[in-house]
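Throw the hints in and build the complete structure from the sequences for me.
2 protein chains.
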Amino acid sequence: MDTSKYTTHVPLNSIKINDSFWAPFMERVRTQVIPYQWEALNDRIPGAEPSYAMRNFKLSAQRSHPELNYGVDNAAGHGGMVFQDSDFAKWIEAAAYSLAWYPDPALEKTLDEAIDIVCNAQQPDGYLDTYYILTGLEKRFTNLKDNHELYCFGHFVEGAVAYYEAAGKRKLLDAMIRYADCIDKHIGPEEGKLHGYPGHEIAELALVRLYNITGDEKHLKLAKYFIDQRGKQPLYFEEENKRNNNDFYWKDSFFQFQYYQAGKPVRDQHVAEGHAVRAVYLYSGMVDIARLTGDEALMQACDDLWNNIVNRQMYITGAIGQSAYGESFSYDYDLPNDTVYGETCASIGLAFFAKRLSAIAPKGVYADVLEKALFNGIISGMSLDGKSFFYVNPLEVIPEASQKDRTRRHVKIERQKWFACACCPPNLARIIASLGTYVHSVNADTLYTHLFLGSEARVKVGGRDVKIGIETKYPWEGHVGISFKLEDKAQFTYGIRIPAWCNKFTLVLNGGATNYTLKDGYALIHREWKSGDKLDLTLDMPVTFIEANPRVREDIGKTAVTRGPVVYCLEEADNGPGLFKLHAGDAKEPKVQYEKDFLEGVVTISFTGKKETDWQEDTLYRNAANTALEDKELRLIPYYAWANRKIGEMTVWVNK
Amino acid sequence: MDTSKYTTHVPLNSIKINDSFWAPFMERVRTQVIPYQWEALNDRIPGAEPSYAMRNFKLSAQRSHPELNYGVDNAAGHGGMVFQDSDFAKWIEAAAYSLAWYPDPALEKTLDEAIDIVCNAQQPDGYLDTYYILTGLEKRFTNLKDNHELYCFGHFVEGAVAYYEAAGKRKLLDAMIRYADCIDKHIGPEEGKLHGYPGHEIAELALVRLYNITGDEKHLKLAKYFIDQRGKQPLYFEEENKRNNNDFYWKDSFFQFQYYQAGKPVRDQHVAEGHAVRAVYLYSGMVDIARLTGDEALMQACDDLWNNIVNRQMYITGAIGQSAYGESFSYDYDLPNDTVYGETCASIGLAFFAKRLSAIAPKGVYADVLEKALFNGIISGMSLDGKSFFYVNPLEVIPEASQKDRTRRHVKIERQKWFACACCPPNLARIIASLGTYVHSVNADTLYTHLFLGSEARVKVGGRDVKIGIETKYPWEGHVGISFKLEDKAQFTYGIRIPAWCNKFTLVLNGGATNYTLKDGYALIHREWKSGDKLDLTLDMPVTFIEANPRVREDIGKTAVTRGPVVYCLEEADNGPGLFKLHAGDAKEPKVQYEKDFLEGVVTISFTGKKETDWQEDTLYRNAANTALEDKELRLIPYYAWANRKIGEMTVWVNK
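These protein sequence lines are chains A and B, in that order. Those letters in the first sequence? Residues 2 to 657, per the numbering used here, in order. Those letters in the second sequence? Residues 2 to 657, per the numbering used here, in order.
The set of hints was computed from the structure by calculation and includes no laboratory data. Check before you lean on any hint, since a few could be wrong.
No distinction is drawn between identical chains; accordingly, a pair holds when it is met within one copy or between any pair of copies.
With a straight-line Cα cutoff of 25 Å, these simulated DSS-like cross-link-like pairs (lysine-lysine) come out [as the list claims (entries may be wrong)]:
id	residue 1	residue 2
1	Lys486	Lys474
2	Lys252	Lys413
3	Lys505	Lys520
4	Lys461	Lys364
5	Lys657	Lys633
As structure tokens, then:
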């Protein structure tokens, strides 16, 4: 692998987002999501199931330190899921990113106090998982497959790294280094250690983030061990099952141990399988290890898995995980719109995967998919007021079906306040709050811009400090203004992504023509840059009708409407019931309109389509000669904004 | 209700079927299904799960009569399902019908010996359910909701009646009369009795059949009580739950007690709900009671339920029960072709319902639906060699989906030899063997012909004996020749069904014109009939493209190909994989060909359709402007004959 082109993404503390589209989302995360989640973690939401997350830490701390009293009854037991600790870890990660964007001393104080509690729960040998601390430490590390110990650890590491990077405070980071030491003592290749790995992946990528800070080879080695050991014979999960005298739920399913991506060595995995969130977390860790070790076989697996997802198993919204059973990938070209799982977290994990691949090879396809997921299948997970969430992101909803068809029970018709398994809301918070890190990356001689977010960033290219600003009304308008500030002139390449959806664009430098070469989805301009340089990218952004590969049974004869990176949908609120009766028709001259006061400000699309004429007869079948279509005005809204009005049908794909 | 027009179907012993289409099916039932099932009931099928059905009777008999020894270890327990007795009961019913058609002394001897065993198992008070006899009689009648006691009783009565009618032997019939007495002592409106009814219906219609023979009001009264009491408050099943300190599986489903059609009084039920087989068995019993009691409110419910099924919830094949969850009806216009349950038994039950409605009002729609079910969704349940069976009858199959999509696990891609819950094979046997009773019915002055089956029947119309013969190559050809033989001339009305699918027909009497009036789907000819009269009905039978009501989301933009009563399908064996990519196109001049040596002799349909052109690109989405269709020769076979070659895709509905 040629590692000389590897790029590094600009970290959060070097960029300030002020984007007209995304800043309001970040503000909602800051003012709604993070405070609400803190209340939830502390069991202070009236009417909601208690989380027990903070109580578990307090109780663990009290038991370890009899002098402490957080007001929890010492006789209480562990509460919530076996992975409840991770809810806190994800929250602290999101809060840390938010602090990096918007300093908030009160929030920082809350974090510090919470970290004190958490650290007081840590055991003398570094162990820190309240489930086993409270239910019996003798059983720790005995059920890596199901009990999410290493998953909680991974999220904890991510939270600790994020807070260290945001606030410069090491307390939680040091605690996690001690916890990593503890895990390293119990799990690894050496004789006497458990030859195991996480049942739910994330520790792999988290340990690499830790290694980036500590530079301690031990952290890299443990991450690599989790990757290398996974799926090797004899299968650790099978051995563990034998020891525990139990079995696994997925035995009776077609994916078997591939539910955990553990049915074969990861380098032999070329098709995305099993639980989608686990999968993309693993693949992200695999890319990290491939990048750091130059492992060609591992890189090949990552490329194949990426291509399989993007070209065979991904919805047009960037949703992944077609099947509710196992919240899993299913099989190539199986993309049902109505029974899809499409977990918010899975699309977020896909963004992680894309970002990491882009660091190895800055190809536009990675940011194209990242952007597709961000503007569609990710933010659809949150209501426009930041107060409720989708776990599942369907592309077609019929409320009656969700109520009466058992196979669509998971397809909710309105966003929920909170979940027993509360992974999606904090995951949304952490990706939205950390969006700044996805905008630019640099290597020795090139500065790349991947996402068009209004922002000011400080980067170092070829040893020079460069300030790069973006001004845009993207995604509603196609103009992206880039400005440069430098102390001195500097020779370097600037690459700006030209999205694959865009067939026509102009690139203007300081008001005039410029030379660029198009490569792998980027317009590359090599020149001597100086302060005050202004680059204007204007992307042609027409309404576009998309069709799916005819191998996709569910989309045959249908079309989806997009404009720029935004996928549109029809809602019953605008188009009446029976959306499946509608046809796009010729859709000549669709009307594109920015509506400032509608759905927090969106561009809507309207055109004259068709509708199957209702029958006079109250019968089910008749001679097909009588088919009739009538004109019907259709109005589409951005997919992410659906379900922010009254309950009703929704569809992304409409008959041609 | 005007009861003067009620008709009586011609019984099996008055008709001899020699139909070119159906006689081979009956022969398969006689030579394959009935012998195979007898072996199965006696646990003599190598490699198959034992049935235990006969063993349960033998064991019960041995325990009741210590002098008996059938070679069963007395220490053995009850085997198989709680309703295992019903498998024997359904088998004896089918065998009895077959004997009526084709005398077989060896089979009759087998039946008599089996009946001896069964009667030896009967308890002194008439009780006869081996599950409770073998597990504890003190618990009998304590779980009417789940334990199928009255269901087994109902099937037993049907079997006993059938054998009595076929062979004139009363032994089993008398045993069932004693069993009915026993039930009557325990269940009924009187104080001290249980105010219950069957969890799985069938006893209602069975008791009416018993009443037809015995004339004993007690039998009618019990049937009527089961109908009247069902769903009344306080709900018996709820009371029973309380007594047993248990609950019901469907509590967490949208149908609640309507799974059992017991959530409200039956006269308040106007939409088909819950378990489909139970539903149509109940509705059949309801029609019987409405007919015998002239109950208008009950009749209205029956009409509404029929209309709801036929106009809102029935597949074009006559399959019903859209949902695998609960093997149930779902909701109006919800007709998924790929996840359908469409149990063979449910379509058979629909035939029972249709036949009974037709007895009250001879409207063509009843026989139209009956015929639709018979030629399509019922016989699709059996392989052409009579050796394997479908429980579920899908209208679209993709083998990979059945293997990998959990929600299609029930959709088998090949017929099975036998089932743990073996209801469909004997149900198929009993309807095919008793087809003769569906052909004609009579009332005081009219003889109706509902089905076009080659046959000779003796009927009494207006006090006169009439022999009516049918000669036809239906459904492959549209000509139906009717011949009459009478001792003397007789004035009566003859009504022959003109199927709703037929837009053009000719009716020729003795080679010349005839006067007829069309009424409710029948051509009625009132005249003086004489021996030797010949009537020639010729139904125009073009290939017809059907479309579904646009409220049916799953069939939008699709068409189904039919010819006469036969629904056609495409199989991968003829059309290659990816059937969902095919379009019917204009389909000018479809080729219709009888192929004698193909699939036991079928008419196939071929025409030039279209196919979505495969993409060069290995991507999922592209600009819709590039759509392309190419010509493709399509070949269709009758739906019922699918899955008799190699495993592959199948679809009934194809894109227009």
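Hints, verified against the model:
1. Lys486 / Lys474: within (21 Å within a copy, 89 Å between copies)
2. Lys252 / Lys413: Classified as between; 20 Å across copies, 28 Å inside a copy.
3. Lys505 / Lys520: within (15 Å within a copy, 67 Å between copies)
4. Lys461 / Lys364: Classified as within: same-chain Cα gap 21 Å, cross-chain 86 Å, threshold 25 Å.
5. Lys657 / Lys633: So Lys657 and Lys633 pass the 25 Å test inside a copy (13 Å) and across (21 Å) alike.
The structure agrees with every numbered hint stated previously.
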